[in-house]
Each structure stands twice: as C-alpha cells, then as structure tokens.
Amino acid sequence: MTERSVVHSSFTLEREYSVPPDRVFAGFATREAKEKWFGDPAFPPSTWDFDFREGGREYSSGEFHGQNSTFDAVYHDIVDNARIVFSYTMYFGDQKLSASLQSLEFIATDRGTRLVLVEHGAYLDGNDKPGLREEGTRGLLEQLAAAIEG
Amino acid sequence: MLKQTGGLDAMFQALADPSRRSMVERLTRGSASVSELAEPLDMSMPAVMQHLAVLEASGIVRTSKIGRVRSCQLEPAALTAAEQWMSQQRLVWEQRLDRLGAMLAAEQEKNR
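Chains as they are written, first to last, in this note's numbering: chain A, 1 to 150; chain B, 1001 to 1112.
These are computed hints drawn from the structure, not numbers from a lab.
The structure displayed is predicted, hence computed values, not measured ones.
Errors might be hidden in some of the hints.
To be verified - Distance condition first, Cα-Cα at most 20 angstroms in a straight line; then the derived EDC-like pairs of lysine to aspartate or glutamate: (1) Lys-1110(B) to Glu-35(A); (2) Lys-36(A) to Asp-49(A); (3) Lys-1110(B) to Asp-22(A); (4) Lys-1065(B) to Glu-1075(B); (5) Lys-36(A) to Glu-1109(B); (6) Lys-36(A) to Glu-1107(B).
Stated by the list, open to error - Chain B is faced by these chain A residues, among others (derived, beta-carbon under 8 angstroms): (7) Val-7; (8) Leu-13; (9) Arg-15; (10) Tyr-17; (11) Ser-18; (12) Val-19; (13) Val-24; (14) Gly-27; (15) Phe-38; (16) Leu-115.
A virtual CB, placed ideally from N, CA and C, is assigned to each residue, including glycine.
Hey, can you work out the whole structure from these sequences and the hints?
This is the structure:
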C-alpha cells in the first residue's frame, strides 16, 4: 500500500566551538575543509560536486547501507563568516525522502563561536517501502545509540 | 509541525536504553511474545516487563493479550516513515557538527 503523506517539521541544533567564526565558517566554505567532516567516514561519496557561492550547487552521491544516497543542495545566501542559507533534497535509491531549508549562523562569543543550525523540512513518506522502513528504523536506532553513547 | 513533539521526546527517551532498543529492533521484524522478546536479553522477566511498559507508554509498542500469551508489536502510527526520516536527518546533522568540532579542535592543536 502506498500512502502519500508529508510531515512538516523543524529542528534547531546549537554548538559552541572554541575558535572564531571565520575558522568555523571556513569548515563550510572549501571542499578541502568540508570533506574532513561532512560525510559519514564509513560511506565516502562516489560523486561530489561543490560550488560554494550564491546560486551554486552542492551534489553528493554514494552508497549508503546498500543503496545510493543523494544530497542535492543549492546555496541561497552566503554572508562571509556570518551566515549560510541553503536548501536541499535527499534521495535514498530512487525515493525522494525530504526537501529542507537550512540556515547556519556563526555568532562570535567570548569563547569563540556559537553555531546555530535551523532546519525546516518537508519529510516525505509517499514511497514508503517496508524494506526501507525497516532499514530506516534500524539506521535510526544505530544512530541514536551512537549519539547517546558517544 | 509535528503533531506530538512531547511524544517524540518520550520516544527518544524510551529508545535511550540499549535493552529497549534491542526489543524494538526485534519487533521491526514482526510481532513477538513477551518471552520471545525476553529470550536474547540477560534479565529477569519483571525487568523485561518494566522496559516493555516504558515502550508502551511512549507509544512505540502496543501489546495485546491473546489467550495466555501477551503479544507485542510496533505501533505503526508511533513513528511514521517521515518522522523516522526527520529524526534521522537531525541525528546526521548532530554528528556532522560534532565531527566539525573535532576537526576545528585538531586544527587549533596543530597551530598552537
């Protein structure tokens, strides 16, 4: 049974880093820096186009838990060392899973930088296949475990 | 917005325990009796029942009594595929920001 539905949701993540905003921003602005942290080290992308400028596209694709996973983003707003706004879609195999708008703010503090990430998303499950769902549950549980147990 | 943010919090809390996660993982493969759920776990039946109660209260698991056997299954409405995906994306970004932090700390160490 194919059920078409969409969940709209948003989440906010914050981190404090002990380096100034330009250093944190640099982690997003160049391919050399971003490839050190963006991808899951266990699943390096087979394709990665990186065009960091307003209107530029970032496209990364590769095998993830036995299926092809694709991140396809467009940068909408870039203020050096202060702000990045982009939107992205995620695919797993041939299934489109979500379309999101994300903003990143780099705020100078006494200690260094507070990074505030806000994502608004439309999370799609219109193509919910039982296999994917099971894989999704397992993946979620594994990631939860990793996140909680550090 | 999610219709039940509190529900999601309760769900995350319920899943924060490895025994409960293993019970949920077992149930992703289909419904099971309480003793089937307890079998791979090294704990007493009352402890298993307690974990099950937490999962049931969070809305992840539903149990029903068929004859003398209590059968457990995942509550399909608890976490739609979209909600799962949303939670997963959130965790992906949590991990990314942690890796970014590790990279920045390593750079800082090198420049010292």
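Each hint, compared with the structure:
1. Lys-1110(B) to Glu-35(A): Holds: Lys-1110(B) and Glu-35(A) sit about 18 angstroms apart, inside 20 angstroms.
2. Lys-36(A) to Asp-49(A): Between Lys-36(A) and Asp-49(A) the Cα gap is close to 15 angstroms, so the pair holds against 20 angstroms.
3. Lys-1110(B) to Asp-22(A): Roughly 17 angstroms between the alpha carbons, so the hint for Lys-1110(B) and Asp-22(A) holds.
4. Lys-1065(B) to Glu-1075(B): 15 angstroms, holds
5. Lys-36(A) to Glu-1109(B): 16 angstroms, holds
6. Lys-36(A) to Glu-1107(B): 11 angstroms, holds
7. Val-7: Check passed: Cβ of Val-7(A) comes within 4 angstroms of chain B, closer than 8 angstroms.
8. Leu-13: 6 angstroms, holds
9. Arg-15: Holds. Min distance 5 angstroms.
10. Tyr-17: Holds, about 5 angstroms.
11. Ser-18: 7 angstroms, holds
12. Val-19: Given a least distance of 5 angstroms, the restraint on Val-19(A) holds.
13. Val-24: This interface hint holds because 6 angstroms falls under the 8 angstroms limit.
14. Gly-27: Holds - the Cβ of Gly-27(A) comes within 8 angstroms of chain B, reaching about 5 angstroms at its closest.
15. Phe-38: Given a least distance of 6 angstroms, the restraint on Phe-38(A) holds.
16. Leu-115: For Leu-115(A), the interface hint holds, since the closest Cβ of chain B sits about 7 angstroms away, which is under 8 angstroms.
Figure legend: structure checked against the earlier numbered hints; every hint is met.
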